[in-house]
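Peer 1: Given the structure of chain X, go ahead and fit chain P onto it with the hints provided.
There are 2 protein chains.
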Amino acid sequence: MSIGNKQTRDMLGRPDIVSLNEALLLLRQHLPPSPAQKVTLPLDEALGRVCAADIISPENLPPYSRSTMDGFAVRSMDTFGASEKMPAYLEVSGEIFMGEFPEQGPKPGACYSIATGGILPPGTDAVVMLEHTVAIDASMIEVVQPVAAGGNVIGVGEDVSRDELLLSAGHRLRPQDVGLLAGVGLASIAVFCRVRVGIISTGDEIVEHDQLPPPGKIRDTNSLSLAAQVRKLNATPTFYGIASDNEESLTGMVREAMADNEIVLLSGSSSVGTRDLGEQVIEKMGLPGIIVHGVAIKPGKPVIIARAADSMIYGLPGHPVSAAVAFDLFVRPAIIHLAGTRDDSLPVYSMIKARLMRNLSSASGRTDFVRVQVKMIQGQEPEAHPILGKSGALSTMVKAHGFIEIAEKLQGLKEGEMVEVKLFD
Amino acid sequence: MSIGNKQTRDMLGRPDIVSLNEALLLLRQHLPPSPAQKVTLPLDEALGRVCAADIISPENLPPYSRSTMDGFAVRSMDTFGASEKMPAYLEVSGEIFMGEFPEQGPKPGACYSIATGGILPPGTDAVVMLEHTVAIDASMIEVVQPVAAGGNVIGVGEDVSRDELLLSAGHRLRPQDVGLLAGVGLASIAVFCRVRVGIISTGDEIVEHDQLPPPGKIRDTNSLSLAAQVRKLNATPTFYGIASDNEESLTGMVREAMADNEIVLLSGSSSVGTRDLGEQVIEKMGLPGIIVHGVAIKPGKPVIIARAADSMIYGLPGHPVSAAVAFDLFVRPAIIHLAGTRDDSLPVYSMIKARLMRNLSSASGRTDFVRVQVKMIQGQEPEAHPILGKSGALSTMVKAHGFIEIAEKLQGLKEGEMVEVKLFD
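Those sequence lines, one after another, are chains X and P.
Those letters in the first sequence? Residues -4 to 420, per our numbering, in order.
Those letters in the second sequence? Residues -4 to 420, per our numbering, in order.
This is chain X alone, in the form it adopts within the complex:
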C-alpha cells in the first residue's frame, strides 16, 4: 500500500495527498471524545436516538406465566401418555378471562380453558392446545396428546428477567427496542443529545438559495444538500450564512459555529483563492489543526479535515458531487461517533448487486466513486449504468440511484462485471 501511495503522490503532484485508507485512519485517530450531554425523552420520541446509559430491566417480562396458545391450562402430569386411542379425560372446571389474575386453579384431574395471553392459574404448569383436545360436553374434554411441563407457556421473566441488561449505552433505538422498554414500564429514557453541525458557505460568488442572484452570482446549493445529509443521520444542522472571501469575516463565523456545534462544515467555494482562505482560517482555530489535506479519491479530492480542541472542522469541496462524497466518507463517521453510537459494526448502507453496463477506467492509486443508475429487469440481474458527467453537475447526482467504488488498486472495471451499488437512501 505504501508503494501505491507514493505513486499517487507523484502522479497527482501533491505530496500531501493521502490515500482513502490513510485519511480514514487519520480521521479515526483524531476524533474527539463523544459528548456526555444527555436528555431524557418520553419513549414515543426516542426512536433513532442513542441510549446514554446501559438499560437494566426493572421488571420480569412477562410478570406472570402466560399461555402462548388457545387451549386448556392443565397439570402436565394429568396428560401423561394421552393418545388418540387412550385419551386423558379432564373436567373443565373454570375459565381464565383475559386480564384476569386467577387466585385459584383447577383441582388435579381438572383444567381451566385459557386463551393465548391468559395467565396460568395456580397448580397448572402447561397448556394443552385446543387442537389436541376433543370436547365431550360442556364440562369435559378428551386430551389426545400429552404436554410437557412448561409446554405452550411463557414463564415469568422468560422474555426478560428483572435486572437483565436490555440495551447497552451507545445502542440506537429501533421500533422493537421502544416496544421492549414499554413492556418493562420504562416510559422515558436517557439518550445522548443530537450532534450539532454548523454549516458555513464560502465564496464571493454565492448568494442564499432563496434570493435572485445578480449577474455573475449563483445560488448556494451545497449548504441545503449538506444540511439534508446531516438530518438523515439524526443530527441537527444550523446554517451560519455565507462568508465572503475575507479572513476576518470567515474567522468570526467559524468561531461562532464552533461555540455551538461539535462539527463545523465549510461548504467551500470551488475556487483556489477561497480554498486557500478556508485553509488559513481552519489552521488558526486550534490544535492539532489540519490532519488531512487532500485525499486520492475522485470526486472529493480537495477535502480538508481538521480538529481544533474538541471540534471537528471540515473544508468540503465546492463541486456538489465532490461535497456529497466527501461528506459521506469523512463527516458521516464523525457524526456517528459523536452521537455516542457504539454498535456501528454492521454496514448501514443499502447495497444491490448489479451488472456493470460499460467499461470504467480509473487511475491506480486513487479510489473512484462512480454514480450509477440501476435498472431492475424482470428475471435478470439488475443493470448498473454509469452516469458520466462533470462533478460540478448536480443533475448527475439526481439521476443516480447510488455509487460504485473502484478500489485504489484497480485500474478500472469491465463491462459485464458484477458490482456492488451502494444505494442512496
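Please note that the accuracy of each hint is not assured.
Here chain P is said to cover these stretches of chain X; the calculated rule only asks that three of the stretch's residues, wherever they fall, bring their Cβ under 8 Å from a Cβ of chain P [said to hold, decoys possible]: (1) 51 to 64; (2) 90 to 99; (3) 129 to 143; (4) 215 to 226; (5) 292 to 303; (6) 401 to 407.
Everything labelled a hint here was simulated from the structure, so no lab data went into it.
Glycine included, each C-beta is placed from N, C-alpha and C at the ideal position.
Peer 2: Leaving out everything else, chain P in the frame of chain X:
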C-alpha cells in the same frame, strides 16, 4: 403453486389461509388510490417527502458558462497544436474574479486568468488548466497542451436546461434533490401530505404503557413499536387508545380513526375472542371488507387485511414479533403507495450476505422469517446466528439484527449456506 397452497390449507386446517404471494397480490389489487392532498413546504423541510407534481426547471443551470478548473480562459483556436516543444504564447490581459460578470473578454491571442467556478468572458470558449501552462512573466504564459472548444467548461444549461423535467411526481426527495431545486431557485415545493395511520390497541388485558398494570394486566407494547415503524416510513401515527373487548366501544374507535387516517391498525390482542371481535368489527366497516384473513407465514399468520371505502384496515397479530413482521410485509407497502411514491422499484432494505450457523427447518408451503444475529468476523464471511424463541418474546427482536426468509417451497436451510439477511435499519 396451487398445489403448495392446497397443502398449506390442509396442513394448517384453515381453508382461508393464503400464501404470502397471494396475500401480496390481493393487497396490491385492493389498495385505494393515492390521496391528492398536497402541502407546500420550504425546501429545507422537504427532505424525505414525496413530490406532488412533476418539477420543471424554471432556469438554466449554470446560468452562464463557468470554468471547471483553475487556469486561463482562452479562445481554443489560440492553443491549436501547442506542445512542450512548440508552446503557444498568450498574453494574460485580465482576471475573472469570483462572482464577477465579465462584460468584455480578452482579444485574440490573449487570455484571462480564471478560477474554478468563474464565468467565461465573452469571446472565450475553453479553459486551459493551470497545470498545462508555464508562466513567463506576470503578463505572459506558455500553453503546452491544446484545449478543445468547451474544454474545462460547463456550458449554459449543461447541468439542467430551462423547462427540463427535474423530478417526477412521486419521487421521494433525497439530499441531492434538495440541492438541485435550490440551484434552480425553487425555494419551496409541493409535496403529498404524510400518510396518517391510526393505531388502536385491543384486549381487556392491556393497559397503557406508562401505567402500572394491576394484577393480571400487561402493558401495551405493540402500539409503541408500530408507531415507531410508521414513523420510520415518514408517516404520522396517532394512537386512539385501548379498546376493551366490547363491540360497541371498538366500532366507535375504528370509525373515529377511519375519519382521520388513510390506514387503521388494530393492534390485536393475541386471544381468539378479541381476534374474533376485531374481525366482526372490521367486516362491518364497509366494502369490500376483509380481503385476506390469515397468511401462510411464520410468524405473522393471523393477520387480517381489509379495505373499507378508501381506508385500509388491518388486524395485526398480538404477538410482538408477529405484529412487526406483518406490518413490514403488508402495512409498509400500503404506506409507500398511499404516500404517492412511484419510484419504489428499487429494494430499500439493507441486506448482508452471511453464513448460516445452524440448520433451520420450515414447513413447505409456508414462508418463514427467522430472526438472526449477525457477527462480523475480520477477513471472513459474516455469520448469521438464528435466534430461536417464542414469537411472544420481544427480547428476541431486540437481540436480532435482522431476518432471513425461508421461501415457501423450501423445507429449511442448511448450516453453512450463504443467506441474505434483511437488516433492521
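Peer 1: Within the assertion that chain P covers the stretch 292 to 303 of chain X, do at least three residues meet a Cβ-to-Cβ distance smaller than 8 Å?
Peer 2: Check failed, 0 qualifying residues.
Peer 1: Examine the stretch 215 to 226 of chain X: at least three residues should have C-beta closer than 8 Å to a C-beta of chain P.
Peer 2: With 10 residues closer than 8 Å to chain P, the stretch 215 to 226 of chain X meets the three-residue bar; holds.
Peer 1: Quick check: do three or more residues in the stretch 129 to 143 of chain X have a beta carbon closer than 8 Å to a beta carbon of chain P?
Peer 2: Result for this restraint: violated, n = 0.
Peer 1: Test coverage of the stretch 401 to 407 of chain X by chain P using CB-CB distances below 8 Å; three residues minimum.
Peer 2: violated (count 0)
Peer 1: Would you say the stretch 90 to 99 of chain X counts as covered by chain P, given the rule of at least 3 residues with C-beta under 8 Å?
Peer 2: holds (count 6)
Peer 1: Is the listed coverage of the stretch 51 to 64 of chain X by chain P valid when you require three or more residues with a beta carbon under 8 Å from a beta carbon of that chain?
Peer 2: Satisfied; 6 residues make the cut.
When each numbered hint is compared with the structure, violations occur for hints 3, 5 and 6.
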